[in-house]
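Build out the structure end to end from the sequences listed, making use of the hints.
Here is what each chain is made of, one letter per residue.
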Amino acid sequence: MDEMFTVNGKNRKFTFEPDERLLHTLRNHGFSEVKNGCLEGECGACLILLDDKPVNSCQVLTASVIGRDIKTVKGIGNLHEPHIIQEAFVEAGAVQCGFCTPGMVLASFALLKENPNPSETEIKNALDGNLCRCTGYVKIIEAVKLAAERLGNGGME
Amino acid sequence: MKELNWNYPKTLADAEKLVRQENVLPHGGGTGLLLRNLTGVDGLIELSQLALRSVNVTENEVEIGSLCTYADVISELKKTDPEHILAQCLRHSANTPLRNRITIGGSIAMFPPWSDLMGALIALDAKVTLIGENSGDFPVEDYVKDSNLCKNSLITAVKFHNSGWRSAHYREIRTKSDMPVFNHTVLLKVEADKISESRIIVVGTASKFTRLTAVEDYLNSRKIDEIKPAEIEKLVNLKFAGSRIDDPDYSNIKAGIELGRMIVQMVRT
Numbered sequence: 001m002d003e004m005f006t007v008n009g010k011n012r013k014f015t016f017e018p019d020e021r022l023l024h025t026l027r028n029h030g031f032s033e034v035k036n037g038c039l040e041g042e043c044g045a046c047l048i049l050l051d052d053k054p055v056n057s058c059q060v061l062t063a064s065v066i067g068r069d070i071k072t073v074k075g076i077g078n079l080h081e082p083h084i085i086q087e088a089f090v091e092a093g094a095v096q097c098g099f100c101t102p103g104m105v106l107a108s109f110a111l112l113k114e115n116p117n118p119s120e121t122e123i124k125n126a127l128d129g130n131l132c133r134c135t136g137y138v139k140i141i142e143a144v145k146l147a148a149e150r151l152g153n154g155g156m157e
Numbered sequence: 001m002k003e004l005n006w007n008y009p010k011t012l013a014d015a016e017k018l019v020r021q022e023n024v025l026p027h028g029g030g031t032g033l034l035l036r037n038l039t040g041v042d043g044l045i046e047l048s049q050l051a052l053r054s055v056n057v058t059e060n061e062v063e064i065g066s067l068c069t070y071a072d073v074i075s076e077l078k079k080t081d082p083e084h085i086l087a088q089c090l091r092h093s094a095n096t097p098l099r100n101r102i103t104i105g106g107s108i109a110m111f112p113p114w115s116d117l118m119g120a121l122i123a124l125d126a127k128v129t130l131i132g133e134n135s136g137d138f139p140v141e142d143y144v145k146d147s148n149l150c151k152n153s154l155i156t157a158v159k160f161h162n163s164g165w166r167s168a169h170y171r172e173i174r175t176k177s178d179m180p181v182f183n184h185t186v187l188l189k190v191e192a193d194k195i196s197e198s199r200i201i202v203v204g205t206a207s208k209f210t211r212l213t214a215v216e217d218y219l220n221s222r223k224i225d226e227i228k229p230a231e232i233e234k235l236v237n238l239k240f241a242g243s244r245i246d247d248p249d250y251s252n253i254k255a256g257i258e259l260g261r262m263i264v265q266m267v268r269t
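Chains A and B, in that order, are what the protein sequence lines are. Under our numbering, the residue at position 11 of the first sequence is numbered 11, and the numbers go up by one with no gaps. Under our numbering, the residue at position 19 of the second sequence is numbered 19, and the numbers go up by one with no gaps.
In short, the hints are calculated from the structure, not lab data. The structure presented is a predicted model; accordingly, all values stated were derived computationally and were not measured. Hints should not be assumed to be uniformly reliable.
[Said to hold, decoys possible] Derived DSS-like pairs: lysine-lysine, alpha-carbon spacing no greater than 30 Å straight-line:
1. B:LYS189 <-> B:LYS208
2. B:LYS239 <-> B:LYS208
3. B:LYS189 <-> B:LYS254
4. B:LYS79 <-> A:LYS124
5. A:LYS113 <-> A:LYS74
6. B:LYS159 <-> A:LYS53
7. B:LYS159 <-> B:LYS17
8. B:LYS239 <-> B:LYS228
9. A:LYS53 <-> A:LYS124
10. A:LYS71 <-> B:LYS10
11. B:LYS79 <-> A:LYS113
12. A:LYS71 <-> B:LYS78
13. B:LYS223 <-> B:LYS254
14. B:LYS78 <-> A:LYS53
15. A:LYS74 <-> A:LYS10
16. B:LYS208 <-> B:LYS151
17. A:LYS145 <-> B:LYS79
18. B:LYS234 <-> B:LYS194
19. A:LYS71 <-> A:LYS139
20. B:LYS78 <-> A:LYS124
21. A:LYS113 <-> B:LYS78
22. B:LYS194 <-> B:LYS254
23. A:LYS113 <-> A:LYS13
24. B:LYS79 <-> A:LYS53
25. A:LYS53 <-> B:LYS10
26. B:LYS10 <-> A:LYS10
27. A:LYS124 <-> A:LYS145
28. B:LYS254 <-> A:LYS124
29. B:LYS228 <-> B:LYS189
30. A:LYS53 <-> A:LYS74
31. B:LYS10 <-> B:LYS151
32. B:LYS78 <-> A:LYS145
33. A:LYS71 <-> B:LYS79
34. A:LYS13 <-> B:LYS10
35. B:LYS223 <-> B:LYS189
36. A:LYS71 <-> A:LYS53
[As the list claims (entries may be wrong)] Anything over 12 Å on all C-beta distances counts as not near chain A; from chain B, calculated:
37. ARG20
38. SER135
39. SER147
Ideal placement from N, C-alpha and C gives every residue a C-beta, glycine not left out.
So, in structure tokens, the structure goes:
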């Protein structure tokens, strides 16, 4: 199949099989920041924002989201222009191997967009689909709190 | 190998024609379909362009479109009744990104043994609305028992009465998996110092779900201060299939203990 999608604000044409998962389509077209983890929707490494909602791209058939708006972690910031959340992850020491980080950052982005001042419980709930096997979660939660503080009450807008 | 053919109906009438075809499956969120082998399936019907994603709450009834995700339902019920039994069940189910994808219709059609949704719907005497070969409203309990009802039919909505239940949900999980081994849904009506009506459903048993009528009979018309958890435990005799990590006898004992605890907590708070 050949279809158009909006990825990180740009129109992209993807070629994919009818039974292909969005995770594989994205990676096959260069979006390697979307990580291939468990393929069961449990780990959150492949998390993307689909129409601004966090979803596991391994649990989405590409043909079911033709034309929709997709955001990967590179859509919110990159090495040269990192997002405040990405900076907070670095400063808080919330990154070790980095495999879970794109998913963690995007889940945090979605949370802070809806709720600029989340409680610790709300942060934990929002990250309940993201597993980290290096650092544990203390530094990650601290990073989200730091990002919330820096973004201020105005949040993401 | 046959190529999977995707269909994108824009109207319910178009979807109904497609669902009547053999070997063509509806696609809602897709999380359930990914658990099965799609080899041999001729086509999928992508439903997202249909207007089936709203929750209508009135004084007497709740109607949920089949394309509503778990997150949609939690968010809507939060506005009117955050402790509604469905909200209690769904907010602990799966995880945030999956709750943004799993649909109510897909969950009813699949009814996996770890379902957090189905106990509540059966306890609430919910009905599904179908189009296709079997059109009309059918009790969810009949839908899950009669495999002919789902054949070549599409769930468009589920609805149930809102009628002042005290409710609680319990999920038994093991460290190996987030999916519950079993879960209890308990609905109680309390008038003065007595229980006037009760509904208790356990999901995850060998027969997928079990209604605990013996416990309901024990509770109905009983004074609150006469309810004894140990007597409830004795009335629980559930058959579990068991697995590598779950012993059926242990699950039955644990189900009885947890049910006794939750009922006592519900009536004394």
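Hint check:
no. : hint                  : result
1   : B:LYS189 <-> B:LYS208 : holds, 26 Å
2   : B:LYS239 <-> B:LYS208 : holds, 10 Å
3   : B:LYS189 <-> B:LYS254 : holds, 25 Å
4   : B:LYS79 <-> A:LYS124  : holds, 22 Å
5   : A:LYS113 <-> A:LYS74  : holds, 17 Å
6   : B:LYS159 <-> A:LYS53  : holds, 26 Å
7   : B:LYS159 <-> B:LYS17  : holds, 24 Å
8   : B:LYS239 <-> B:LYS228 : holds, 23 Å
9   : A:LYS53 <-> A:LYS124  : holds, 17 Å
10  : A:LYS71 <-> B:LYS10   : holds, 26 Å
11  : B:LYS79 <-> A:LYS113  : holds, 20 Å
12  : A:LYS71 <-> B:LYS78   : holds, 27 Å
13  : B:LYS223 <-> B:LYS254 : holds, 25 Å
14  : B:LYS78 <-> A:LYS53   : holds, 18 Å
15  : A:LYS74 <-> A:LYS10   : holds, 12 Å
16  : B:LYS208 <-> B:LYS151 : holds, 19 Å
17  : A:LYS145 <-> B:LYS79  : holds, 26 Å
18  : B:LYS234 <-> B:LYS194 : holds, 21 Å
19  : A:LYS71 <-> A:LYS139  : holds, 25 Å
20  : B:LYS78 <-> A:LYS124  : holds, 19 Å
21  : A:LYS113 <-> B:LYS78  : holds, 19 Å
22  : B:LYS194 <-> B:LYS254 : holds, 26 Å
23  : A:LYS113 <-> A:LYS13  : holds, 28 Å
24  : B:LYS79 <-> A:LYS53   : holds, 20 Å
25  : A:LYS53 <-> B:LYS10   : holds, 23 Å
26  : B:LYS10 <-> A:LYS10   : holds, 26 Å
27  : A:LYS124 <-> A:LYS145 : holds, 11 Å
28  : B:LYS254 <-> A:LYS124 : holds, 28 Å
29  : B:LYS228 <-> B:LYS189 : holds, 18 Å
30  : A:LYS53 <-> A:LYS74   : holds, 16 Å
31  : B:LYS10 <-> B:LYS151  : holds, 22 Å
32  : B:LYS78 <-> A:LYS145  : holds, 25 Å
33  : A:LYS71 <-> B:LYS79   : holds, 29 Å
34  : A:LYS13 <-> B:LYS10   : holds, 23 Å
35  : B:LYS223 <-> B:LYS189 : holds, 12 Å
36  : A:LYS71 <-> A:LYS53   : holds, 9 Å
37  : ARG20                 : holds, 21 Å
38  : SER135                : holds, 25 Å
39  : SER147                : holds, 25 Å
When the structure is compared with the earlier hints, no violation turns up for any of them.
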